[in-house]
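K.L.:
The primary structure of each chain is shown beneath.
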Amino acid sequence: MGFLDIFRANEKKSAVVAKERLQLIVAHRRAGNMEAPVFLAKMQEDLLAVIRKYVQVSDDAVKIDVERDGEMEVLELNIVVPDNRTN
Amino acid sequence: MAKIIVVTSGKGGVGKTTTSASFACGLAQRGKKTVVIDFDVGLRNLDLIMGCERRVVYDFVNVIHGEANLRQALIKDKRFEHLYILAASQTRDKDALTQDGVQKVLEDLAKEFDYIVCDSPAGIEKGAMLAMHFADEALVVTNPEVSSVRDSDRVLGILQSKTRQAINGNHVKEHLVLTRYSAARVANGEMLSVEDVKEILAIDLLGIVPESQSVLNSSNAGLPVIAEPHSDAGQAYSDLVDRFLGENRPMRFMDVEKKGLLGRIFRS
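Chains as they are written, first to last, in our numbering: chain A, 1 to 87; chain B, 1 to 268.
Keep in mind that a hint or two might mislead.
[What the hints assert, rightly or not] Pairs of lysine-lysine, DSS-like flavour, derived with a Cα cap of 30 Å:
1. A/K13 with B/K162
2. B/K33 with B/K126
3. A/K12 with B/K126
4. B/K162 with A/K19
5. A/K42 with B/K162
6. B/K198 with B/K76
7. A/K19 with B/K32
8. B/K198 with A/K42
9. B/K3 with A/K19
10. B/K126 with B/K76
11. B/K3 with A/K63
12. B/K78 with A/K19
13. B/K162 with B/K78
14. B/K3 with B/K104
15. B/K78 with B/K198
16. B/K76 with A/K13
17. B/K11 with B/K126
18. B/K162 with B/K126
19. B/K104 with B/K198
20. B/K11 with A/K12
In short, the hints are calculated from the structure, not lab data. Just so we're clear, the structure is a prediction, and the values are computed from it rather than from any experiment.
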C-alpha cells in the first residue's frame with residue numbers, strides 16, 4: 001500500500017466488490033437456479049395482470065425468486081404497490 | 001489413444017485462440033504429435049495466429065462433408081515438427097458442423113495423434129457445444145474480470161452436464177488458465193487475484209499468463225507466443241504445458257516486481 005493510500009483505507013477496493021458479486025451469482029447457478037421452473041415468467045405476467053385490475057403498477061413491480069434451502073424450495077414474491085396517499 | 005482437450009471460455013476476446021495455438025505448439029515442441037482444430041466456423045482465426053493462413057485449401061467443414069479427406073485438409077506446421085492445424089471454414093455457417101461429423105473426424109485423428117486441441121468459438125452455441133462435447137479435458141481460459149469469470153462458471157456447468165464424458169457418468173478434467181493477469185493491479189485491489197478466481201470457480205489452476213505486449217507482437221507475426229522464449233507470456237505458456245504434462249513448475253507472474261523506495265511512497 002502506498003503512502004497516500006492511508007487516506008483511502010476505508011474505501012472498499014473494487015476487486016473485493018467484484019468477488020462478492022461473483023460469489024453470489026455462482027452460488028445461484030450451482031444451486032440449480034439455471035433450471036428455474038419455466039412457468040415463472042408466465043406466472044409473473046399473470047400476477048401483474050391481476051394486480052392491475054385494482055392498482056396501476058409498473059412492469060417491474062412483481063419480482064419472483066426461487067431459493068433452494070436444502071430439500072425445500074422457497075418461492076419468494078415481492079410486489080411493489082405505489083404509495084397513493086398523496087393523491 | 002489420443003487425448004482430446006477443449007480450450008473454452010464462454011466470453012470472447014479472453015485469449016482462447018492465443019492459448020490454443022501456444023498450448024498445441026508447446027505439446028508439439030515436447031515431441032507430442034498434436035493437431036489443433038478451429039471450431040469457429042465462419043470466423044476462422046487460428047490459421048492467422050498460427051501463421052498458415054495462405055496455406056488453407058481445405059478445411060474442417062470440407063472434411064465433415066466428404067469434399068476432402070483429412071490428409072488434404074491437415075496443414076503441417078513448417079516450423080514445428082509434430083504440429084498440424086485443421087482450419088475452420090470461412091464461408092459456411094455454424095450449422096455446417098454436425099455431431100456425427102465431428103465425432104468421425106475426431107475418431108480418425110485419434111488414430112494418428114497424441115493430442116487433439118479443440119479451439120472453441122466464443123458463446124455457447126452449436127460450434128462451442130461441439131468443441132466441448134467430446135473433450136476429455138478442458139482449459140477454461142478466464143480473465144480476472146467479472147463477466148469473464150461468470151461466463152467461465154457457466155461453461156463449467158455445461159462441461160459437467162452436457163458433454164460426452166458427463167453423459168457417460170464420467171467427468172471432464174477442468175483446468176483454469178488465468179490470462180491477461182496484472183499483478184500490479186491485483187496488488188492495488190483493482191483486479192481479482194488468482195486466489196479469488198480459484199475460490200469462485202473451484203477448479204485447479206494450470207497457469208497464469210500475464211498481460212503482455214508480446215501477445216500482440218507474436219500474433220502480428222503469426223507465431224505462437226510460446227515460441228518467443230524471451231517473452232513473459234511465452235514463458236508462462238511453456239510452464240503451463242510442462243505442468244499439463246506432469247512436471248512441477250512453480251507459478252510465476254503472481255507478484256509485482258519490487259520497486260524502489262520512491263516508487264513505493266508515491267505509487268498512485
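K.L.:
Is the hinted pair B/K11 and B/K126 satisfied, with a Cα-Cα distance of at most 30 Å?
P.N.:
Between B/K11 and B/K126 the Cα gap is close to 15 Å, so the pair holds against 30 Å.
K.L.:
Is the Cα-Cα distance between B/K162 and B/K126 30 Å or less?
P.N.:
holds (12 Å)
K.L.:
Keeping to a limit of 30 Å between CA atoms, is the pair of B/K126 and B/K76 held or broken?
P.N.:
Holds - the C-alpha atoms of B/K76 and B/K126 are around 27 Å apart, at most 30 Å.
K.L.:
Verify the proposed pairing of B/K11 with A/K12, using a straight-line Cα cut of 30 Å.
P.N.:
Holds: B/K11 and A/K12 sit about 27 Å apart, inside 30 Å.
K.L.:
For B/K3 and B/K104, compute the direct alpha-carbon distance and say whether it is at most 30 Å.
P.N.:
holds (15 Å)
K.L.:
Can the restraint linking B/K78 and B/K198 be considered satisfied, given a maximum Cα separation of 30 Å?
P.N.:
violated (38 Å)
K.L.:
Take the C-alpha atoms of B/K104 and B/K198, compute the straight-line distance between them, and say whether it is at most 30 Å.
P.N.:
violated (35 Å)
K.L.:
Hey, A/K42 versus B/K162, does the alpha-carbon distance stay inside 30 Å?
P.N.:
holds (27 Å)
K.L.:
Decide if the proposed pair is consistent with the structure: B/K78 and A/K19, CA atoms, cutoff 30 Å inclusive.
P.N.:
Measuring from Cα to Cα gives roughly 44 Å; hence the hint is violated.
K.L.:
Does the structure keep B/K3 and A/K19 at a Cα separation of 30 Å or less?
P.N.:
violated (34 Å)
K.L.:
Is it true that the CA of A/K19 sits at most 30 Å from the CA of B/K32?
P.N.:
Violated, at about 39 Å.
K.L.:
Under the criterion that the straight-line Cα-Cα distance not exceed 30 Å, is the pair B/K3, A/K63 satisfied?
P.N.:
violated (47 Å)
Of the hints listed earlier, those the structure fails to meet are numbers 1, 3, 6, 7, 8, 9, 11, 12, 13, 15, 16, 19, in rising order.
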